[in-house]
Amino acid sequence: MSKYNKQLPEETPAPSRARKVLVTVVVTLVAAVGFNFLLGALLRRYTTNLGYYLIAKKWDLLEAREEPVDWLILGDSSCNQGVRPDVILRDRGETALNLCSTAQQLVVEGAWQLQHYIDRHGPPRKGVIVVHVYDVWPTNGGGHGGQGNRPPIHHGMSMVPLRWGFWKTYEPVLRLKPEQEREMAIQRYVPGYAQSSTVRKWILKPQSSMRALKGRQIDATGYMRVDKAKPDNVVRDTRGHINFVRRHKFSVSKLNRLGFEAIVDIASQHGVPVSLALSPLDEALARDPFFSSYMRQVRSKLKALCNRADHVKCLLMDRPASFPAAQMENSDHVTHPVAKRYTQRLMGAVTEETP
Amino acid sequence: MLFNSLDFLIFFAIVGLGYALTKRWLKVQNLWLLVASAFFYGYWDWRFLFLVGSTIVVVHIAAKRLVKSDSEKVRKRWVAGAVVFNLVVLGFFKYFNFFAESGAAVLRALGLNPGPVTLEIILPVGISFYTFQALSYVIDVYREDVEPTPSILDLALYVLFFPQLVAGPIERAQTFLPQILSPRKLDWAQVQLGLSLIVGGYFKKIVIADNLAKVANPIFDNYADYHGLEVLAGVVAFTIQIYGDFSAYSDIARGIAKLLGFELMVNFKLPYFALNPSDFWLRWHISLSSWLRDYLYIPLGGNRGGRFGTQRNLMITMLLGGLWHGASWNFVIWGFYHGLILALYRVFDRSPEHLDPWSGRYNPVRIIAKMLLMLCFTLLGWIIFRSRTLDQLWGVLSHLGFGYTGRAGKLWTQVGVFGVPLLITQVVQYVRRDLAVFTRLPGVVQGLAYGFMILAIVVLGVREPVEFIYFQF
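Protein sequences, first through last, are from chains A and B. In this text, residue positions in the first sequence follow our numbering: the first is 1221, and each later residue adds one. In this text, residue positions in the second sequence follow our numbering: the first is 59, and each later residue adds one.
If you're looking for bench data, these hints aren't it; they were derived computationally from the structure. Note that the coordinates shown come from a computational prediction; the quantities given were computed from them, not determined experimentally. Hints may contain errors.
[What the hints assert, rightly or not] As a list, the in silico PhoX-like pairs of lysine-lysine whose alpha-carbon atoms are at most 20 angstroms apart: (1) B:272 x B:81; (2) A:1523 x A:1450; (3) A:1521 x A:1474; (4) A:1448 x A:1388; (5) B:468 x B:272; (6) A:1469 x A:1523; (7) B:81 x A:1421; (8) A:1560 x A:1448; (9) B:243 x A:1425; (10) B:81 x A:1425; (11) A:1421 x A:1434; (12) B:243 x A:1421.
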């Protein structure tokens, strides 16, 4: 029929030889691998997943740092936007590097960062400050904290630029299951697969991706500035925290205990003091009776951790630093002006209590 | 075993290795392919093998008898027996419940209570495809268009050949049996095209069709929640999805066959560029439409019975073609709809412009307008095809419109992102009138494109394997 129909397309392949087929196959494979790594580089810089972004960014800052600092700040995202090294420099003339990333990485990542920093620059001159939200401590990752589900730690570990297997040599040593290692390998070496939602967002929602990327202002000291307060979000989040503390007893998970012990041990080997502090909190949350009761357990368990060595102190435990909802992004994340006050309170406590 | 599964990739690697190792011994190689094909089919449900086995045995015996007998009466009995056997098996497995339910509904409407009428019947995968393929063999032997193959194993390979077993193309014995009976030669041009078809096919299925299914499915399933352009986005998404899905299967099947040295027929020729219903059926599911033409429409009398006879034959062919797709009234209505627009086209528009639209004899605006009009008819047809009930059909049609909402913008963005790559490719193929246009690019450029498509499959592909739509037929 088609011979009468001059519009119907035909399928006549161009002449080819073994060489052309071979070139096509080889270039296909090389291009797939090459595009994959190119996408990986783009994702490392422009991922819309804030957690992955923070992990990558903080390790990149650590790698790029040429000068040693006085203070090394380790912790989660509350610390990432709550502790301002510029305030420390202005008020005290001391340098600091904020390496705080995300709660997903537990206290464990701080130990790896400290070890890596010391390998490169020697111990921080003044000390190490560890800041976490209270609800990070009970989890081993992959479970839920006050703010809901969190991805497991090995997902975030794929963004750590240390050589493959670092978790077997850096303290604390993690024993991952084979399927977790497989998953992490995919996340690390086929990042587009792992972060397909980011790629989809780039393509399908370019404007909101741009907004998300523009909203991040991380300076060379590792501090991320957040200007917009979200009082409604704080109220909602605080309600979630209160529900959480009503239903749970506080404990320190195995991974977090190992992580903190590793920080203490590494610091001890180099004679560096360690300060452990609680994150900033919403005033309404801090006042809540259920939360106050829960905080007694928090203080007791964390102080027990601090009391294991002389050079370790617990800060902001008895009177957590709390701020009005109108100045916060959620129950434990502050905005830029409040970050200054929190940093001053934190450093004041460090000075008072530094052994 | 789905083409878009890891199981299949492992299976094909093993089959390919065995195939290469046995290339010096044709019979061993064919036997290897037969065993692999039986394994491929039995992987769904080993019991299906008995069913397809009975089809093969029956047509083999009938074909042998057809050759041996000189009596036209006896020959007719054998061919009719084989056809009836196959249609009864197909009818039982595919249509028993449909007709039983429909009959019961009529009885209930008359005030009678027929009681439970349906049976628990599993529909064997690909039964419509391999039954038609087997039927064409025995009918062609009867017509003396094909010599019956002496070995039942060769016939079994013709019916069971795994790349096209479950969703076509529906091959003809005339073109496929000779390929089984003679040694295959490696043709690098075909290998090059095969690679292009395979990578492009997976891209069309996993990236385009499966992502657009995520747009279309919620809209068709919850049509009451969608309005105006949102519903139109769902309809357009399904239009691209069904083409992407089905043509992807054909492309992958044909690509795999090419790597094995076999040629399967082209099943799609840019159907959405058709200018009229007749043109559409020269481009869509060509192996089925040509089968229906050769074994149903022409035996019914074709266009030899005057205007009324032709229209009647068209309508019967399209109704049965619709029913071939599934035991459901929407497919019957879809067949009727296509029969109707074909009949109307033959009455009102006999212009042969689709035979050579860009010859300069026709106004280009008119050609493009007709193309768009036919696309609208096709969209309407897919609404019927996709709607499982009359309520759903009416619901989708009544919610369709041009009213804009913020959600419509998001849906159309997805339709655009996943549909535009296909559109661009097809425009190039249409303008060049060449489906294999990409094989003319240098190997490096092809490799870059395929590498990009593979990464897109990994990154943007829908993760859980989604069955090909035409598997259900």
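How the hints compare with the structure:
| no. | hint | verdict |
| --- | --- | --- |
| 1 | B:272 x B:81 | 43 angstroms, violated |
| 2 | A:1523 x A:1450 | 32 angstroms, violated |
| 3 | A:1521 x A:1474 | 13 angstroms, holds |
| 4 | A:1448 x A:1388 | 40 angstroms, violated |
| 5 | B:468 x B:272 | 13 angstroms, holds |
| 6 | A:1469 x A:1523 | 16 angstroms, holds |
| 7 | B:81 x A:1421 | 49 angstroms, violated |
| 8 | A:1560 x A:1448 | 15 angstroms, holds |
| 9 | B:243 x A:1425 | 49 angstroms, violated |
| 10 | B:81 x A:1425 | 52 angstroms, violated |
| 11 | A:1421 x A:1434 | 15 angstroms, holds |
| 12 | B:243 x A:1421 | 47 angstroms, violated |
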